[in-house]
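Participant: These are the residues of each chain, in order.
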Amino acid sequence: SQQGEEDPQALSIQEGENATMNCSYKTSINNLQWYRQNSGRGLVHLILIRSNEREKHSGRLRVTLDTSKKSSSLLITASRAADTASYFCATDSGSNYKLTFGKGTLLTVNP
Amino acid sequence: DAGITQSPRHKVTETGTPVTLRCHQTENHRYMYWYRQDPGHGLRLIHYSYGVKDTDKGEVSDGYSVSRSKTEDFLLTLESATSSQTSVYFCAIGEGGEQYFGPGTRLTVT
Numbered sequence: 001s002q003q004g005e006e007d008p009q010a011l012s013i014q015e016g017e018n019a020t021m022n023c024s025y026k027t028s029i030n031n032l033q034w035y036r037q038n039s040g041r042g043l044v045h046l047i048l049i050r051s052n053e054r055e056k057h058s059g060r061l062r063v064t065l066d067t068s069k070k071s072s073s074l075l076i077t078a079s080r081a082a083d084t085a086s087y088f089c090a091t092d093s094g095s096n097y098k099l100t101f102g103k104g105t106l107l108t109v110n111p
Numbered sequence: 112d113a114g115i116t117q118s119p120r121h122k123v124t125e126t127g128t129p130v131t132l133r134c135h136q137t138e139n140h141r142y143m144y145w146y147r148q149d150p151g152h153g154l155r156l157i158h159y160s161y162g163v164k165d166t167d168k169g170e171v172s173d174g175y176s177v178s179r180s181k182t183e184d185f186l187l188t189l190e191s192a193t194s195s196q197t198s199v200y201f202c203a204i205g206e207g208g209e210q211y212f213g214p215g216t217r218l219t220v221t
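Here the protein sequences line up with chains L and E, keeping their order. Using this note's numbering, the letters of the first sequence correspond one by one to residues 1 to 111. Using this note's numbering, the letters of the second sequence correspond one by one to residues 112 to 221.
So that you can see chain L by itself, here it is in the shape it has in the complex (with noise of 0.2 angstroms):
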């Protein structure tokens, strides 16, 4: 079952605009973690974050998480054509960082 349910299922903006998804999951976690997949590729590990952090940033992406709500936020600023993709949350609550995804966000970013 997934544990991990990304909104929205596709998001089409302008270059330049900032874009935002958001995951939603089920049971306690240990770690939630963002994955970036272009067409007919492999993923790719944008970003992790700690059932104790808040907020994260890397470079143009900015990720929140509400444990008590259990709930995420990938906001990617200053968006550019390449960033283009599907969008997945995962998340480990277990041992041996078994990962259960969403079904992902496509973003299409208009140039």
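Keep in mind that a hint or two might mislead.
As the list claims (entries may be wrong) - Lysine-lysine pairs mimicking PhoX-like chemistry, simulated, CA-CA at most 25 angstroms apart: (1) Lys-56/L to Lys-164/E; (2) Lys-168/E to Lys-26/L; (3) Lys-98/L to Lys-164/E; (4) Lys-103/L to Lys-164/E.
Please keep in mind that the hints were generated in silico from the structure rather than gathered at the bench.
Since chain L is already given, all that's left is putting chain E on it; use the hints.
Facilitator: Chain E alone, transformed into the frame defined by chain L:
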């Protein structure tokens, strides 16, 4: 792709035939994982390994087996392929926390 390769990259096979997919890493990571990706389902964990000869089942393990006889190789076997196993299969490696994914194997079972 962080020193991780998958073979073959594409395969078409017939129902009932055995199929083995290989994942090879050069990073000496302890953990290795096999996922399948299907439209409408995202990625789902099939099996994983936490060391040589140490493996366990994931969420969708029925019809699949794995083996890891050395650190660098993790094999996924479909004993008797079915059409429902048509999918894109991804291998991933990690040391705890983030995982690094291979390029994927597109498997079609006819």
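Participant: Identify every previously stated hint that the structure contradicts and give their numbers, smallest first.
Facilitator: 1, 4
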